[in-house]
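> If you want the building blocks of each chain, they are given just below.
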Amino acid sequence: MADAAEALNSNRTTTAPLLLGPATIFIAIMIVGPLLLIATVSLSRFDALSLAVEAFTLRNYFEFFTDRYYLGVVLTTVTVATVSTLSCLLIGFPMAYRLARGQTRYKGLLIILLTLPLFISGTIRTIGWMILFARDGLLNAAIGVVLPGVSTELMYTTTAVVIGSVSILLPYMVLTLQSAIEGIEPRLEEAASGMGAPPATVFRRVIWPLALPGAAIGSILCFTMSMNTYATAVLLGGPRFHMMAPLVYYEFTVRNNWSMAGVAAMVLLVANLALAIGLTRTVKKRYRG
Amino acid sequence: MDVLLPMNRRRFLAGTAGAGLAMIAAKSGFAQGSGDLVVATWGGDYARLLQENVDAVYIAAGGGSVIQDLGDEESRVAKMIAQRRLPSGTWDIASISSMNAAVLKDSELFEPIDATKVPNFAHIKADLADPTFIPHNYGAYTVLYNPQTVATPPKTLGDLRDPAYGGKIGLTDQGFINNMLMGALYASGNPADMESSKAILLEIKKNGVRFYPNNESLVGALKSGEIDVAPGFYARMLLWKQAGVSVEAAFLEEGAIVQVTGMAVPRNAPNKEQAFAYLNAMLDPKAQLAFANAMSYWPAIDNVESAGKLSEGLTLPDPALKMVTPDYAAAAKVKDVMGDWWRKEYING
Chain A
1 MADAAEALNS NRTTTAPLLL GPATIFIAIM IVGPLLLIAT VSLSRFDALS LAVEAFTLRN
61 YFEFFTDRYY LGVVLTTVTV ATVSTLSCLL IGFPMAYRLA RGQTRYKGLL IILLTLPLFI
121 SGTIRTIGWM ILFARDGLLN AAIGVVLPGV STELMYTTTA VVIGSVSILL PYMVLTLQSA
181 IEGIEPRLEE AASGMGAPPA TVFRRVIWPL ALPGAAIGSI LCFTMSMNTY ATAVLLGGPR
241 FHMMAPLVYY EFTVRNNWSM AGVAAMVLLV ANLALAIGLT RTVKKRYRG
Chain C
1001 MDVLLPMNRR RFLAGTAGAG LAMIAAKSGF AQGSGDLVVA TWGGDYARLL QENVDAVYIA
1061 AGGGSVIQDL GDEESRVAKM IAQRRLPSGT WDIASISSMN AAVLKDSELF EPIDATKVPN
1121 FAHIKADLAD PTFIPHNYGA YTVLYNPQTV ATPPKTLGDL RDPAYGGKIG LTDQGFINNM
1181 LMGALYASGN PADMESSKAI LLEIKKNGVR FYPNNESLVG ALKSGEIDVA PGFYARMLLW
1241 KQAGVSVEAA FLEEGAIVQV TGMAVPRNAP NKEQAFAYLN AMLDPKAQLA FANAMSYWPA
1301 IDNVESAGKL SEGLTLPDPA LKMVTPDYAA AAKVKDVMGD WWRKEYING
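Line by line, the protein sequences give chains A and C.
Numbers 1 to 289, taken from this note's numbering, label the letters of the first sequence in order.
Numbers 1001 to 1349, taken from this note's numbering, label the letters of the second sequence in order.
Excised from the complex, chain C in its bound form (with noise of 0.2 Å):
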């Protein structure tokens, strides 16, 4: 063994301990770096419509590679907390939405937009515009219904205590502050005000009310037949209609409320530069355009129909959807109470 390799005991320990170090030191210099840009952003259809649509005209723009890094929005709040100290963190933008866009805003964790590096800014819509938070698209959250079993669509949240509903009504557990923020539309007329929601939820529950984890398990229910009526996105209603289930939309009296999807761009954001240009390329008309008509949220820009037609769906009918746009700021004050009632009394009570 002497003559191939002199080795012995120490040398074998000193030397897998240096190789250890060394592994630990050159992987270190993988990270940020590299001029890649890093969206964190959802998976699925979002994460592939983005990389078609968006990273297309970035990339043609000018830009570099884009690298995704897909999650669930909740866990990459936490991240963006958890890394708020660090000099560098490891994304240049984060995807996030109306909500949770409005409990960081005082956080100082989002870079101001430099309206001059974006020059898309311009034409956002007035009532989605925010120096921090750049919106992407927007949904309505409003009642779903099966028109094979439901006659008479529902005209306000408040029907669904009706007994012909008994037993057949879904919530979903993801889209917890959604019911509570129609809820409160209902009762009192202000969304953000998700005390008022409690009694109405309540009621509801009391007419027999089966609870899904996720809008997947729900569209799961509604196919099968195990329930008629469900609080969901009229997004969702055209894609699944489109996959061949049987929904519609009731149209509430109180109006349906408002959910803006975006991305902002945190402060300690390694590539700020690139992150203004894909900002930029995400509200291009053309890459609106494509998102809208794929995934049946409705552009965040006044010039959409500069690259094209929006498609029938996202056309809504006279009169039109009445839609609200929640006081997320207030809301958000009360987000985590009343998380805790849903949680705790309202499902396990």
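With the rest of the complex left out, here is chain A (with noise of 0.2 Å):
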């Protein structure tokens, strides 16, 4: 008997790594591989007719961060961030919160309102926030109607691209929240209210606590994708908005800059990282306090 189940648990042993093998060489090669491949670029001299020239220079890092474009460039990639991952927040918590408590039998209905525009491209989408904030589009329109001759001007503006952030990562906090909030016990909440707490240091001392780990999940996702959005800082931020993402991109294939291309890639990597760890650390922390 003791033999059959140490042989049992040989074969788990072998069996995990057996199974697990295969994809985690795949993944290894195919992402940390690249990544390598990129900070190795990122040491390298640049030469226009050659791309990068194998070397081993900080030279691109220190010209990356004592130029004032590029730390613009970071500056505003942050800002866009930080902006629309807090607006996501404050949007999406209401919604999550009524879709958590919401005894409706709608409910699955409005989940899957809440994922369609996931099903279509985030590019096709910040097309139509083209149309719509365009000179003569249809919020201009809207606006004559009720204003005439009234307009804004929204189009390459860094307000048309949180707006358009937020419309792509808005279903994304909220699923998240959505799920934090359903982990919370209801009658804490009935039990703080009965106890004659108001609604908002209900909120403040029980649900915003308990819902903090799905909110700086919810929040790190958000960021990392604002981040690194492309299409969206493309098509609505114009020619005089840059962010990270068009920066690498702009390096990599106008200037034919690897160089310069990959210091913007493992700067923009090691941000979304130092974020995800710091507000793991932050929240772990602050539960254990």
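Please note that a few of the clues may not be correct.
Claimed, not checked - Computed footprint of chain A on chain C, listed as stretches where at least three residues anywhere in the stretch have a Cβ under 8 Å from a Cβ of chain A:
1) 1078-1091
2) 1094-1108
3) 1208-1219
Said to hold, decoys possible - To spell it out: a stretch of chain A is covered by chain C in this simulated footprint if at least three of its residues, at any positions, have a beta carbon under 8 Å from a beta carbon of chain C; those stretches are:
4) 41-50
5) 138-147
6) 235-242
Hints in this document: simulated from the structure, not taken from any laboratory.
As the structure is a prediction and not an experimental result, all values here were calculated from the model.
Each residue gets a CB set at the ideal place from its N, CA and C atoms; glycine is no exception.
If you follow the hints, you should be able to join the two separate chains into one complex; please do so.
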């Protein structure tokens, strides 16, 4: 009997690696490999007709962090990502709460309506915003009906990029928050209300602390996606608006400066990782406290 | 389960690994070697007209099938440089413009053209002929304006400093090099001296410029009245006018910038013989005439009228549009630096 149990355990310890092995190797090669390649390229020397000459130089990083233009692009990217994420949180939390706590029989339909935009490519949806925001687009036409002679200029502005980003990211935030809120025992809220706490206090002392891990995950997801946005930034932001992902494309394809493109890609990667790790640790600490 | 298919974990994993390797090997077998001619070019109307006019002549002359790889020029240039060390590239022909042809001229990326295999090479206009870059057509970059709102068109680029145009000037980011060549032509008479263009461009910007990513967004702005004037291609003006947009071209005293679009054969092209035959088809008078009349760019050959009459729009009035061909070789040397200035200081300054 003991031999049979030992044999079974031995089988399990060899089975798991065998089954996970191919997928792990595939991910290591297809994800980690290119990242290492980009890191290597970021340390190479730029040559317009060779794209990147093998070398080990920190010159590209020095140029990136001492050039006001590149720092401006980083600042714009972080600002847009932060504003978009906070907007998703502010707009998404009430929606998620309603979905989580709602007793309507249309709950399934509401979730489908929420996820329906995800079936359409973000680029297509961004083009829709372009039609809406154009000078003679639908938005100005509608404003013109109510206030004749008045028009807005949203196209090629930071506001347009944020609106476009929020429209793409909101479903992710709502769905993440909804499952977090569903995990909160409703009786805790009832108990707090029963003890005389007004709704704002119930939210602040009961709902928000318990939903914080879900909010953190939703925020990391939205922030990362917003930091890496390309089509929304290019189509709605215009030529004067620069974010990191279009900068990587520009350096890589237009300037043929693969070294600088590698630097921009690494900076983007490290920024995303730093945020994800930092936010996760902050939430964990708060929970332990 | 063992009755139908003797299978265990090891066989399953080995099988899937083997299947994966087989798929990779088979896919690589589909690469070049089929004899199809691959032409890397711009999409949209350009690709369609190539297919309708040039491919037809090529196939009628005994050529095989033609596959188009569509994309923008900058990524095409990057790919060509990236695959230059490969024994066999992925394209037989690459479409590029005169600026990039000058940038890549000394890089030994392109195959010198064997004129004996491209008989129509002899009819290329003298000032467009080049041993590695075969011109397809050329256009003029000048100032376009809305005749309904602009009573007196600008006579020079400097007229865009006039407060009458304040806030109604459009510039495309995509055309930044042409904008700077035009500025240099105005400022110093030498388009390649792009450093001299900075002052006039900054003055025009002070008068109120709206930036657009490309020609498509520019025409939308012209149509909606957001802008009244914008540097642009004469050919685009003709096409937009045909589409009902109120637009005309101003003939500037200093002249318009000539830009040539053409094709080159990469040195590692897999099917060079077919590539030369395709270039010959591209220079065929019938193909040149059809392309010119459809896209409104001027043909690159001197015997196009043997195939028919050029459209009225391409017949320039008297006095004719003064056209200046920049020294693209000199301009290519400063292209990157000027691009940095445009992006970092001009647009974002």
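> Please go over all the hints and tell whether each is borne out by the structure.
Verification of the hints:
Restraint check on the stretch 1078-1091 of chain C versus chain A: 3 residues with Cβ-Cβ distances below 8 Å, three needed, restraint holds. Look at the stretch 1094-1108 of chain C against chain A: 3 of its residues bring a Cβ nearer than 8 Å to a Cβ of that chain, three or more, so the hint holds. With 3 residues carrying a beta carbon less than 8 Å from a beta carbon of chain A, the stretch 1208-1219 of chain C meets the three-residue requirement, and the given coverage holds. Beta-carbon proximity to chain C at under 8 Å applies to 3 residues in the stretch 41-50 of chain A; the threshold of 3 is reached and the given coverage holds.
Counting residues of the stretch 138-147 of chain A whose beta carbon lies closer than 8 Å to any beta carbon of chain C gives 0, which falls short of the minimum of three for the stated coverage. Using a Cβ-Cβ cut-off of 8 Å, 4 residues of the stretch 235-242 of chain A lie near chain C, which meets the minimum of three, so the contact claim holds.
In this structure, only the earlier hint numbered 5 is contradicted, and the remaining ones agree with it.
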